[in-house]
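The listed protein sequences correspond, in order, to chains A and U. Note that our numbering has the first sequence beginning at 14, numbered continuously upward. Note that our numbering has the second sequence beginning at 14, numbered continuously upward.
These aren't lab readings, by the way, just hints derived from the structure by calculation. Be careful, since some hints might not be right.
Note: identical chains are not told apart, hence a pair may lie in one copy or across any two.
The calculated lysine to any residue pairs, modelled on SDA-like cross-linking and capped at a C-alpha distance of 25 Å, are [as the list claims (entries may be wrong)]:
id, residue 1, residue 2
1, 305, 501
2, 389, 415
3, 524, 397
4, 543, 556
5, 316, 42
6, 514, 24
7, 263, 542
8, 417, 274
9, 263, 369
10, 558, 396
11, 444, 315
12, 88, 360
13, 304, 328
14, 558, 318
15, 414, 403
16, 36, 118
17, 444, 309
18, 304, 497
19, 21, 206
20, 374, 472
21, 167, 89
22, 36, 135
23, 524, 215
24, 514, 552
25, 305, 315
26, 305, 328
27, 389, 411
28, 263, 315
29, 322, 396
There are 2 protein chains.
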Amino acid sequence: MADPQTLKTWQEKVAWAQDYRDKSLSKVEPKLEGLPAELPLSSQDLPSLVLTPREIEITENYTAKELLVVLRERKISVEEVTRAFLRRAALAHAATNCLTELRWYQAIARAKYLDSLPEPKGALFGLPISTKEHHGLVGDDITAHACYVSWVGKKHGSIMIYDNFWEEGCVFYARTTQPQTIMHLETNSNIYGRTVNPYNRNLTPGGSSGGESAILGMRGSIFGVGGDIGGSIRCPAAHCGVYGFKPTTKRLPVGGQCSHMLGKEAITSTLGPMAVDRDSLELFMQVALAKKPWRLDPSLTPKVWTPYKFERPMKIAVQWWDGVVKPHPPMIRALREVVEACLKAGMEVVDWDCEALDHQKGWEILASLYWPDGGKEVLGRLEESGEPVLPLTKFIINEQKSVKDLTQAELWARCLERDAYREAYARAWTKTGEKDGREIDVILCPPSFGAATPHDQSRYWGYTAHWNLLDYPGAVFPVTTVDPVKDIKDKNYVPKNEEDKFVYDMYSPEKYANAPVSLQVIGRRNYDEKVLAALAEIEQALGRK
Amino acid sequence: MADPQTLKTWQEKVAWAQDYRDKSLSKVEPKLEGLPAELPLSSQDLPSLVLTPREIEITENYTAKELLVVLRERKISVEEVTRAFLRRAALAHAATNCLTELRWYQAIARAKYLDSLPEPKGALFGLPISTKEHHGLVGDDITAHACYVSWVGKKHGSIMIYDNFWEEGCVFYARTTQPQTIMHLETNSNIYGRTVNPYNRNLTPGGSSGGESAILGMRGSIFGVGGDIGGSIRCPAAHCGVYGFKPTTKRLPVGGQCSHMLGKEAITSTLGPMAVDRDSLELFMQVALAKKPWRLDPSLTPKVWTPYKFERPMKIAVQWWDGVVKPHPPMIRALREVVEACLKAGMEVVDWDCEALDHQKGWEILASLYWPDGGKEVLGRLEESGEPVLPLTKFIINEQKSVKDLTQAELWARCLERDAYREAYARAWTKTGEKDGREIDVILCPPSFGAATPHDQSRYWGYTAHWNLLDYPGAVFPVTTVDPVKDIKDKNYVPKNEEDKFVYDMYSPEKYANAPVSLQVIGRRNYDEKVLAALAEIEQALGRK
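Using the sequences and the hints, build the whole thing.
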C-alpha cells in the first residue's frame, strides 16, 4: 500500500482508508456465506443465515460478565470466543457498514497468547472489546484519523483506558465508524460512507459512536467504548436498543485521543461504556477506576467506583418533554409504561417541569462553547484535504446562531452564562426536597425526541446535549419498539416553534418499523454511581433482572 | 457622603473610599490611646501599650476552637469578645494599615443578637471573622470594589461561604486590604496605600491577602478568609508567621466575589482559611463543606471534609530549591531544622529533585493563563478611572513575556501545555513509589524564596504559584525567625539567572529583623485532607501540639 501521506487528492486518501479496511476484512476465515443479494430492512435475521450455531451460541448466550466467568474457568478458549466475535463483527459490517478495521490477525494472536497463559489473569481476561476509531489503540501498526481525510494514515498511540484494559487481559478486535467532525448524532463520513441501523437500514444507528451502536445492535460486540460530548454514547445506544452510560466528565481519562480542538475546556467530552446489558456499564467503570487513573492524569476526580445503594424507594422526576421539542408518540408511551411500573413498585414519581429552566437558552450557550473559534479549526481541517462538508456538519457549526469566533472576554461571558445556567438547574433540583426533605433521586427522560431518525434528519440535540451542558451523568436503556398501532400520530398537535415543527412533521409510525425506543436516567453531577443504581431499580420494576 | 458613582476624578473616588473607612474606624469606643507618635519597626509591643489586660487576655489566650468553647458555654459574652477584637483590629490598622472598613455598629449589633438567643447555636457561634474586601459581605450596606478605583462605591452581595458562616453564628467585624488587581504578592493600592508587616514595617505582609495576614499577625483577628491564585493566601500567611491553607480548587465555592475576568477557567482561584493556629484551618474546611455547597454550586467536588489519618510514618520529599531561584539562608535553615525533627520522629525524608521538571517552563504557562486576553480587561479597568498602574501590576502583566491576547487556538495550545506539565508532575510523584511501593506523602518546600521582602520587591512567585499551576493543595506554617547570626549570606554563591541574581542581591540579614520564616506542605491534587494531616504530623515532630 502507498504511504497515505504522499497521496494528493482527498479521493485517493479515502480509497487508501477503504482499502486498508477492506484488506483487514478480507482475512475473515471462513468467509461469510449466506448473505442475501439484497439486504433486508432489518439485519436481525442475518446471523442465523450466516453464522454457525456455535458462533451464535457464543455471541448471544452471555453478557460480558457471564462470558468472563466461562473464560476464566476456561470452559471456552479465548480463541474460540474471539473468532466468533470476529466473524459476527464482519457480518455486522456487511449489514450496517460499521467498521473501520477488523483486527483479525492481531486479535487471534492475542487470544492465543491469553490461552497460553498458565493461569487466566486480569479483570477482562479474554473479553473482546470493540472500540471507536479515533481513540487509537494498543499496538504501533495503527492509524487513526478521527474521520478527517487530511489525517488518513496518521500514526497514533493508545488512550490510557485501552492500555489499562489491555493489562487486564482484553482482546481488541474491531474498530468502529464515526461521523465527520465526530459531531453528528448520526454516522456518515466521506471516508466510509454511512453506517445504518441494524433494525432498519432506512434509519440511522445514531452517532457519533454509531459504529459501536450498530455492531452492538448486531451482537457483533457485547462490550464497546464510546465517547460523548452531546449525546454520542447515549443517542446511538438508544437508537440501537443497547445500553450506554455517559459518566460525569473527569471520572475517566480522555487524553491521547486523535481529535480536534485539544485543550479546549469550556465543554469537554468523556468516554463511556456501550453494551448489550446493564451490568457491563458498571463493570467498565469499576475496572477503569480500579486503576486509579488520577495518579497519571491529575485532571481526574480521585474516586474509585463506589456502588450506591438506595435505602428507600426512589423519587423520580419525569421530564415528559424539554419545553422545546415534543417527543414522538412512541417515546411518550415508553415514558408512560416505565412510570407505571415504577409507581407499581412503590416509587414516588413527580413531574420535572423544565419549561421555566429554558432548555433553548441552554442550547445556545452549549453550541457556542462547542466551537469557541467559530469552527475555524475543524472547518480548516476539512478544507485542508478538500473533502466536502457534510450537511450535518454545516448544521452543527454554520447553522447555529450562537457559534462565532470568540474573544477571550466573550468566552468568559459565555462560561459565566453556562455556570449561571448550571446553578439555576442545581437549585431547581435542590428545591424538589424543600417541602418534604425528599429531593428527587434522578430524572427519567427521553434520550432523543423519538426512535432512530431517517438519515440526515438528526437536527435536534436537546434531549442528550442538555446533560452535557450540565455535566450530569446519564444512562440509556431499551424500553420498547415502535408500534404502529399504539403509536399513532397526534393530528391535532400544534408545533410550538420551527424545531418542534420539523420534528413533528418527521413522524409517521410506518417509517420506524422495528425501531427500538429507549429512555434515559439522569443524575446530579458526579453522582454517577447513583445513576446506575437507579437504572437497576427501574429495570427491576420493569420485571428485568 | 456623596454618591461615589457621581464623582469624576480617581482622586475623588479614593478620597471617598478612605473617608468611608475612616468614618468606620472613628466609631471605636473607647478611642485607641497610648500609641507612640512614631511607630516602631515592629508592632508586636503595641497591644500592651494600648489595650486593656482583659482585651489582651481575650484576644491572645484562645485559638478559634478554644474561643468557641467558652462562647458556647457563655463564659464570655459574644459582645465582650467582639469589642475586644474590634479594638485590637483598629490597633492593627493603626500599626499596619490593614483595614478597608471596621464594622463597629454592625458587629456589636450582631453580638448583642447572638447574646440574646436563649441557646447558643451554630458551629461558629460568636466567632469574629475578618474578611478580604472583594469577597463582599452579608448586609446590603456594603460596597466592594476589588481595589479598582473605577468600582469604588459599587454595591455588592455576599459570597456563599459567608452566608453559610453567618448562618453558623459568626460575627463579621473587619474587612481587609488587598493590592491593585489582587495580583501582587504584596498589598499596595491607590485606594488605601501600603499595608506593612506587623513584625517589621519595612517589609511587606505579603499579598494579595495581606490585610488578612497583617491583622492576624497582630492578633486583631484569629480567624480570617483569604483567596489564592498564585500564593495570595500562603505568601502573606508565611510572611506574617500565621497559618494559611489553599485547598484544591473546586472544594470551596468562589462565585459571587467582586472580581475581574469572571468566567475565565484556565487557572482559577480558591478561597481558604488564614488563622493564628493550625486547627482553625481544618475547622474552616469542616464547617464550609458540612453545608454541601455543591448542591447549589454544581462546579464543586461533592465531598465533605474527611479527615485523613496516617497509618505509618510519613515519607516526605524536600524541595530545597525550585531550580530557578535559590532561597535565602533563613529559608534553607528552616527546611533543615524541620527535616531534622521529622527524621528524629521516624519519618522518611527524600529529596524532591525538581530541576528536570522545569519550573521556569511552568511559570511561562501559568503567566500566560493568568491573562489570556493579555491583561486587556484589567488594564482597561484601571484606565477607566485613570488611576496609576503600580509597578507590581506592570511586573505581573506587562513584564511577563508569555502574556498576550490569545486566539482560541492559542488558548487551547496553552491549556494543553498546562495539562502535559501537570501530567509530567503527577508521573514524577507516582514514580517515587516505584521501587519500594512507598510513594511520597507530601512535599515540604519554601512558600517564598525568603522571609517577607522589602516593599515592591516581590517579583518572583515560583514558590507558591507553581502549586496553583498544578492545582495542588498547600498549607503554610511558621517555623522560625530570621537570625542575623545563623543566617549569614553565602558570599560565594553564583546566581544561575537574572531572577536568581535579583533574589540573591536582595538578601542581607539585617534587613529582615524579626521577620517570620515559614514553610509549606504540598499534597497531590484533591488530597486536601492529607495535607492538613501531614502538617499536624510535622508540627508534632517539632514538639508542638
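Please flag the earlier hints that this structure goes against, numbers listed from lowest up.
Hints 1, 3, 5, 6, 9, 10, 12, 18, 21, 22, 24, 29 are the ones this structure does not satisfy, whereas the remaining hints hold.
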